[in-house]
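Just so you know, the protein sequences line up as chains A and B, in that order.
All the letters of the first sequence, read from the start, carry residue numbers 9 to 280 under this note's numbering.
All the letters of the second sequence, read from the start, carry residue numbers 51 to 337 under this note's numbering.
Note that these hints are calculated values from the structure, not bench results.
Just so you know, not all the hints are guaranteed correct.
These stretches of chain A come out as covered by chain B in the derived footprint (C-beta under 8 Å, 3 or more residues) [what the hints assert, rightly or not]:
1) 67-77
2) 91-98
3) 170-182
DSSO-like mimics (lysine-lysine), calculated; alpha carbons at most 30 Å apart, straight line [claimed, not checked]:
4) A:65 <-> B:281
5) B:52 <-> A:65
6) B:52 <-> A:166
Glycine included, C-beta positions come from ideal geometry on N, C-alpha and C.
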Amino acid sequence: MSAAGRRAPLLETAAAWLLALLWLSPLLYAFWAAFHPAEFATRFDLLAPLSVENFAKAWTYAPFARHLLNTVILVTMILSVQLVLCTLAGYAFARFDFAGRDIAFGFVLVQLLIMPEVLIVENYRIMSRLGLVDTILGIGLPYMASAFGIFLLRQTFKTVPRELEDAARVEGCSFLGVLWRVYVPLARPTYLAYGLVSVSYHWNNFLWPLIITNTVNTRPLTVGLAIFGAPESGVDWGVISAGTIMAVAPLLVAFLLFQRQFMQSFMQAGIK
Amino acid sequence: MKHVYGWLLLTPAAILLVGFTHYPAAATLFDSLFSTGTVVRPSRFVGLGNYAALADDPIFWQVLGNNFWFALGTIPTSIALALLMAIWVNDRLPARALVRMAYFTPTVLPMIAVANLWLFFYTPQIGLLDQIGAFFAAPSHNWLGDPNTALACTMAMVIWKEAGFFMIFYLAALQSLAPELEEAAKMEGASRWYFFRRVTFPLLMPTTLFVMVNATINSFKLVDHLFILTKGGPDNASSLLLYYIYQVAFSFFDTAYASTLTVVLLVLLAGLAVVQFQLVERRVHYR
Chain A
9 MSAAGRRAPL
19 LETAAAWLLA
29 LLWLSPLLYA
39 FWAAFHPAEF
49 ATRFDLLAPL
59 SVENFAKAWT
69 YAPFARHLLN
79 TVILVTMILS
89 VQLVLCTLAG
99 YAFARFDFAG
109 RDIAFGFVLV
119 QLLIMPEVLI
129 VENYRIMSRL
139 GLVDTILGIG
149 LPYMASAFGI
159 FLLRQTFKTV
169 PRELEDAARV
179 EGCSFLGVLW
189 RVYVPLARPT
199 YLAYGLVSVS
209 YHWNNFLWPL
219 IITNTVNTRP
229 LTVGLAIFGA
239 PESGVDWGVI
249 SAGTIMAVAP
259 LLVAFLLFQR
269 QFMQSFMQAG
279 IK
Chain B
51 MKHVYGWLLL
61 TPAAILLVGF
71 THYPAAATLF
81 DSLFSTGTVV
91 RPSRFVGLGN
101 YAALADDPIF
111 WQVLGNNFWF
121 ALGTIPTSIA
131 LALLMAIWVN
141 DRLPARALVR
151 MAYFTPTVLP
161 MIAVANLWLF
171 FYTPQIGLLD
181 QIGAFFAAPS
191 HNWLGDPNTA
201 LACTMAMVIW
211 KEAGFFMIFY
221 LAALQSLAPE
231 LEEAAKMEGA
241 SRWYFFRRVT
251 FPLLMPTTLF
261 VMVNATINSF
271 KLVDHLFILT
281 KGGPDNASSL
291 LLYYIYQVAF
301 SFFDTAYAST
311 LTVVLLVLLA
321 GLAVVQFQLV
331 ERRVHYR
């Protein structure tokens, strides 16, 4: 390589770092504002005193504990039902040659396109008929049969060698026993990837939960945060930053710990 | 027996899928042919009346146009940035893991939290943008309150949020390229830029197309930020189709018209799905 070619990487390294810093700056700023008294929110001074008062204020201004509990209940409920339903349906599509299978699979894939948030008007009507408005079950129900999950597990189950199933059958396993003892253990990486995507999606989901909930007892973190952070609420920056950090912290910490796994899972979700 | 077992296994998921995807989609189409019922005037069949109203609704055309500019303003820029990020992170770079983490972090944050953080940048006078402006003696500007800048402000934020997500697809594609290509190019004395332009970029075309279609579909679903930043305003200058549907249904309570708007959104998404499907058929997407 020429001398000019050797210098380019150095320049590029600097540019890559600069962009990384720029990309992190909104978060870094939020941490600055959250950990300093209000008068330093817009003034940068390395000697500014640190304080956790903003977190204490945010905690009392909004029922964060309740929102956090609601979100945890919501994502746990959605994921556990999704895992059961998608496993059963994925197994049916992968290993049972039943009548109408291909048409049924086509109908399942429609949901990849028409996500529940597009059908907010009708789904709200259905939920009010079922008496599920303002319940955590009402937030989760439209997402529980996940086309993405069914698709992913079908693909995984298809790669399991038939011989393993036959061997288990000879040992006297029922067809559900085969699913539980052979297919599910072999699909563990898929379950992990799907679980990460599902939890992050529903931890962050906003529009449908906003529409279907009316009270503190059901609102998840995102909805609570939107009410709390809205400009008309008149809360100052440090407190909003503190609240925002509290709301994203669990997911952010999980991401920092399992970066590679997160990126791979998100990529799988994108590719479908 | 295989028929019985197959359907038995599928039934629980099928009930929920039909109940919350297929039935509401069909009901949306059906409702768009009726007027919104009130206490005094019950709902009645109006045929394509709602669609005629839609064609005459200036706000509908405005939000559709906004959606177009939103897609055009965010997708090419975030794809270009994603490609740049992927190439950098793919190189042997000091603190590479940290840089990659920085690029990807916005992806895992909820849109609401992101909007809360960015709102501060755009606040007149005390916001970061105005503080930088003040340094250069520029007058204060109400970024989100000005119809000329509101949509652009939301676009800047979405680019920040999406670029790192698209980066991971390019990163995977770059890692699957044969290293011999670069060695051969070096032997021939090709410059880095020439190699990128003539070899890397064309080979990444499938990924680019794939990301582009997905980004377009996404651009119709991204509305959370509007609830914090602008509420679609001023005068619908930053509103998008799905946000308008939300307003019509839950602020103006005109459910029939909201259903009509939803049909338009469904048709747009279906059209994009056809494009996407054809890309898959031609095997030009990333595997």
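Here is what the structure says about each hint:
Coverage of the segment 67-77 of chain A by chain B is violated. Counting CB-CB distances below 8 Å, 0 residues qualify, and the rule asks for three or more. Check on the segment 91-98 of chain A: 5 of its residues sit with their Cβ under 8 Å from a Cβ of chain B, so the three-residue criterion for coverage holds. Counting residues of the segment 170-182 of chain A whose beta-carbon sits less than 8 Å from any beta-carbon of chain B gives 0, not enough to reach three: the coverage restraint is violated. Simply put, residue 65 (chain A) and residue 281 (chain B) have alpha-carbon atoms about 26 Å apart, close enough for the 30 Å limit, and the pair holds.
Between residue 52 (chain B) and residue 65 (chain A) the CA atoms are separated by roughly 60 Å; this puts the pair beyond 30 Å, and the hint is violated. Taking the CA atoms of residue 52 (chain B) and residue 166 (chain A), the gap is about 17 Å. The hint holds against a cut of 30 Å.
Violation of the numbered hints given earlier is confined to hints 1, 3 and 5; the remaining hints are satisfied by the structure.
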